[in-house]
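Residues per chain, in single letters:
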Amino acid sequence: MWFISVFGAFEAGIIYALMALGVYLSFRILDFPDLTVDGSFVTGGAVAAISIVNGVPPVLATFYAFVAGFIAGSITGILNTKGKINPLLSGILMMIALYSINIRIMGKSNVALLNEPTIFKQIEGFWGSLGIDTVLNNMVSALGADNLPGTWSVVIIMIIITLVIKFLTDYFLKTEVGLALRATGDNEKMIRSFSANTDILTIIGLGISNALVALSGALIAQYGGFTDIGMGIGMIVIGLASVIIGEALFGTKTIARTTLAVIGGAIVYRIVLVLALKVDFLESSDTKLITAVIVIAALITPKIITARKESVRKKKKRAMLARGEGANNA
Amino acid sequence: MLNMKDISVTFNEGTLDEKKALQNVNLHLEKGDFVTVIGSNGAGKSTLMNMISGSLKPDIGSVSINNKDVTILPEYKRSRYIGRVFQDPMAGTAPTMTIEENLAMAYARNKKRTLKIGVSKKRKATFKNHLETLHLGLENRLNAKVGLLSGGERQALSLLMATFTEPNILLLDEHTAALDPSRAELITNLTGEVVNQFGLTTLMVTHNMQQALDLGNRLIMMDKGQIILEVSGEEKKSLTIEKLLQEFQRIRGQQMDSDRAVLG
Ligand SMILES: Nc1ncnc2c1ncn2[C@@H]1O[C@H](COP(=O)(O)OP(=O)(O)OP(=O)(O)O)[C@@H](O)[C@H]1O
Ligand SMILES: [Mg+2]
Chain A
1 MWFISVFGAF
11 EAGIIYALMA
21 LGVYLSFRIL
31 DFPDLTVDGS
41 FVTGGAVAAI
51 SIVNGVPPVL
61 ATFYAFVAGF
71 IAGSITGILN
81 TKGKINPLLS
91 GILMMIALYS
101 INIRIMGKSN
111 VALLNEPTIF
121 KQIEGFWGSL
131 GIDTVLNNMV
141 SALGADNLPG
151 TWSVVIIMII
161 ITLVIKFLTD
171 YFLKTEVGLA
181 LRATGDNEKM
191 IRSFSANTDI
201 LTIIGLGISN
211 ALVALSGALI
221 AQYGGFTDIG
231 MGIGMIVIGL
241 ASVIIGEALF
251 GTKTIARTTL
261 AVIGGAIVYR
271 IVLVLALKVD
281 FLESSDTKLI
291 TAVIVIAALI
301 TPKIITARKE
311 SVRKKKKRAM
321 LARGEGANNA
Chain B
1 MLNMKDISVT
11 FNEGTLDEKK
21 ALQNVNLHLE
31 KGDFVTVIGS
41 NGAGKSTLMN
51 MISGSLKPDI
61 GSVSINNKDV
71 TILPEYKRSR
81 YIGRVFQDPM
91 AGTAPTMTIE
101 ENLAMAYARN
111 KKRTLKIGVS
121 KKRKATFKNH
131 LETLHLGLEN
141 RLNAKVGLLS
151 GGERQALSLL
161 MATFTEPNIL
171 LLDEHTAALD
181 PSRAELITNL
191 TGEVVNQFGL
201 TTLMVTHNMQ
211 QALDLGNRLI
221 MMDKGQIILE
231 VSGEEKKSLT
241 IEKLLQEFQR
251 IRGQQMDSDR
261 AVLG
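Residue numbers (UniProt numbering), protein chains in the order written: chain A, 1 to 330; chain B, 1 to 264.
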């Protein structure tokens, strides 16, 4: 029982990790609290779903979703930089506009993909012929799990996709353009005095951020078999939760470490959520409440731990001084 | 090299707060000129610097660099030609990024930014060499976050970042003002060294008269949005603080007389 629920949570977590990486780019790298995410996540799902229903190959449909997310994010960036609208408001405006746009894209408030091809179904078809599932399932059942996953293909392919995107992100943030992008979030005045066009960098940064969010939405839609207009509600909080949990648990020493932490955070969040929902009196409608509690815990716990460590250190120091003084007096 | 013609700027025009920050300012710099700028608070020194860097635009007048009119060129495009160090040590560097990353960003000032790695092996060696000239041991801390450096260290790094790509014009606005006396002296000396080494055309604002006399081949004094005194060459070399103050009194006095005359 345990194994299969954690497995499912891991599977979903690593898809949502792409969304969390997007949120990391806007909130942390650009220092831009971008609320477009709630809308662009659905845009990704909507564009992918409607394309697939209309016969576009799933991979291409997913790419369209990525591009659509980029455009949505860029518009938020344009509102902020060219329209001089404050960051929060730019994001909120874009989010609300996307709500209607997403319904336009889908033509109704949801699209089912149950009988359509998806990236995951295509990969599963190929994967099944390799016989790796049997090997892996034998291994975990030897470890005592009885309820086994139907396929490992989703997890494996998503680990590959997410890691590739992680490494591309790490690389990008070290390039000349990437450094300027980071400085735009860190000290805008300074990087402008080094001939960087911070407006364009903000627009591109938000574009990439929301492209990743939409990509995640497109994959979640194909994973779950539907896109629904409500699937983005609270997405920004989940993204932030993943970033905060990841940073608290796995550290932020370098960029590469932090992006890995964010992915880890997204997975841990899903697992904690699934386990919390197993508690008898909690219901699936409590999801948002649990999310809030998880984020609060992730925010407060590190502070408590540091404070405790500090007080222990000071106590030790005082004790040492007291002893030293005793020796001097004697 | 730099030509400012009839620059005027008024802030909050038509309100009670109206402030004529610059009035018909003309300034011409030859290549290699090192001009120190003095004047009381609110004289318009920083505004003058902002006209050159493009972070503010003049109401009237034009600015050209290398005979190219840059009056309406946005700040980020102009900064290809201009290196700047600000008064606030926090202002000139990105605190969450490392020393080498900051240098890499400065290195790209006059180039097109690409999708190549910013801190390449080869550049790392160059950065190390440049950092050694500061004699602060920063060359051994390439991977330290700049936010961890002291104000003096950050200002030295800012100075290096502003100069090592040899900008056409270097703007220093009270860049030693936030430092303790010994650090201020260190940065002042470094400034003299790098400006000499690269033969940079420099404009330096300072409230330290001695510094204004020691450094550079020209000196200008500003007051109430105008350049009221210009000294250069041998005349500057023989200048002392007393003479400068006397001169200031004389001009100020004259002005007060003429004000009185106008007011009747
Ligand atoms: N953005 C602005 N809006 C309104 N007034 C301004 C602005 N910038 C400068 N001023 C005013 O213009 C005048 C000149 O300011 P400036 O900063 O150039 O003086 P400064 O010579 O650099 O003085 P300090 O020695 O104090 O740095 C001051 O009276 C200042 O209040
Ligand atoms: Mg000033």
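Source of the hints: derived by calculation from the structure; they are not laboratory data. Some clues are possibly wrong.
Below, computed lysine-lysine pairings styled on PhoX-like, alpha-carbon distance capped at 25 angstroms [what the hints assert, rightly or not]:
| hint | chain 1 | residue 1 | chain 2 | residue 2 |
| --- | --- | --- | --- | --- |
| 1 | A | Lys174 | B | Lys68 |
| 2 | A | Lys82 | B | Lys57 |
| 3 | B | Lys145 | A | Lys303 |
| 4 | B | Lys68 | B | Lys122 |
| 5 | B | Lys19 | B | Lys31 |
| 6 | B | Lys5 | B | Lys224 |
| 7 | A | Lys189 | B | Lys112 |
If you want the ones that stay clear, here's a sample from chain A, every Cβ over 12 angstroms from chain B, calculated [to be verified]:
| hint | residue |
| --- | --- |
| 8 | Arg28 |
| 9 | Ile92 |
| 10 | Val155 |
| 11 | Phe172 |
| 12 | Leu179 |
| 13 | Gly185 |
| 14 | Thr198 |
| 15 | Leu260 |
| 16 | Ala276 |
| 17 | Lys278 |
Note that CB positions come from ideal geometry on N, CA and C, so glycine has one too.
These are the hints, each one checked on the structure:
Between the alpha carbons of A/Lys174 and B/Lys68 the distance comes to roughly 34 angstroms, so the proposed pair goes past 25 angstroms and is violated. Simply put, A/Lys82 and B/Lys57 have alpha-carbon atoms about 18 angstroms apart, close enough for the 25 angstroms limit, and the pair holds. Among the hinted pairs, B/Lys145 with A/Lys303 is consistent with the structure: their alpha-carbon atoms are about 22 angstroms apart, no more than 25 angstroms. For the hint linking B/Lys68 to B/Lys122, the alpha-carbon distance of about 34 angstroms lies beyond 25 angstroms, and the restraint is violated.
With a C-alpha separation of about 32 angstroms, the suggested pair B/Lys19 and B/Lys31 falls outside the 25 angstroms cut-off, and the hint is violated. Proposed proximity of B/Lys5 and B/Lys224 is supported: the alpha carbons are some 18 angstroms apart, at most 25 angstroms. With a C-alpha separation of about 19 angstroms, the suggested pairing of A/Lys189 with B/Lys112 holds against the 25 angstroms cut-off. Its closest Cβ contact with chain B, about 9 angstroms, brings A/Arg28 to no more than 12 angstroms, contrary to its assignment away from the interface.
Every Cβ of chain B is farther than 12 angstroms from the Cβ of A/Ile92; the closest lies at roughly 27 angstroms, confirming the non-interface assignment. A cut-off of 12 angstroms between C-beta atoms confirms that A/Val155 is not in contact with chain B; the least separation is 31 angstroms. A Cβ of chain B approaches the Cβ of A/Phe172 within 12 angstroms, the least distance being about 7 angstroms, so the stated non-interface status is violated. The non-interface label for A/Leu179 is inconsistent with chain B: the shortest C-beta to C-beta separation is roughly 4 angstroms, within 12 angstroms.
Against chain B, the non-interface label of A/Gly185 is violated: not every CB pair exceeds 12 angstroms, the least being about 9 angstroms. Here A/Thr198 does not stay apart from chain B, with its beta-carbon only about 7 angstroms from theirs, under the 12 angstroms limit. No Cβ of chain B comes within 12 angstroms of the Cβ of A/Leu260; the nearest lies about 18 angstroms off, and the non-interface call holds. Once the 12 angstroms rule is applied to beta carbons, A/Ala276 is consistent with being away from chain B; the minimum gap is 34 angstroms.
Every Cβ of chain B is farther than 12 angstroms from the Cβ of A/Lys278; the closest lies at roughly 39 angstroms, confirming the non-interface assignment.
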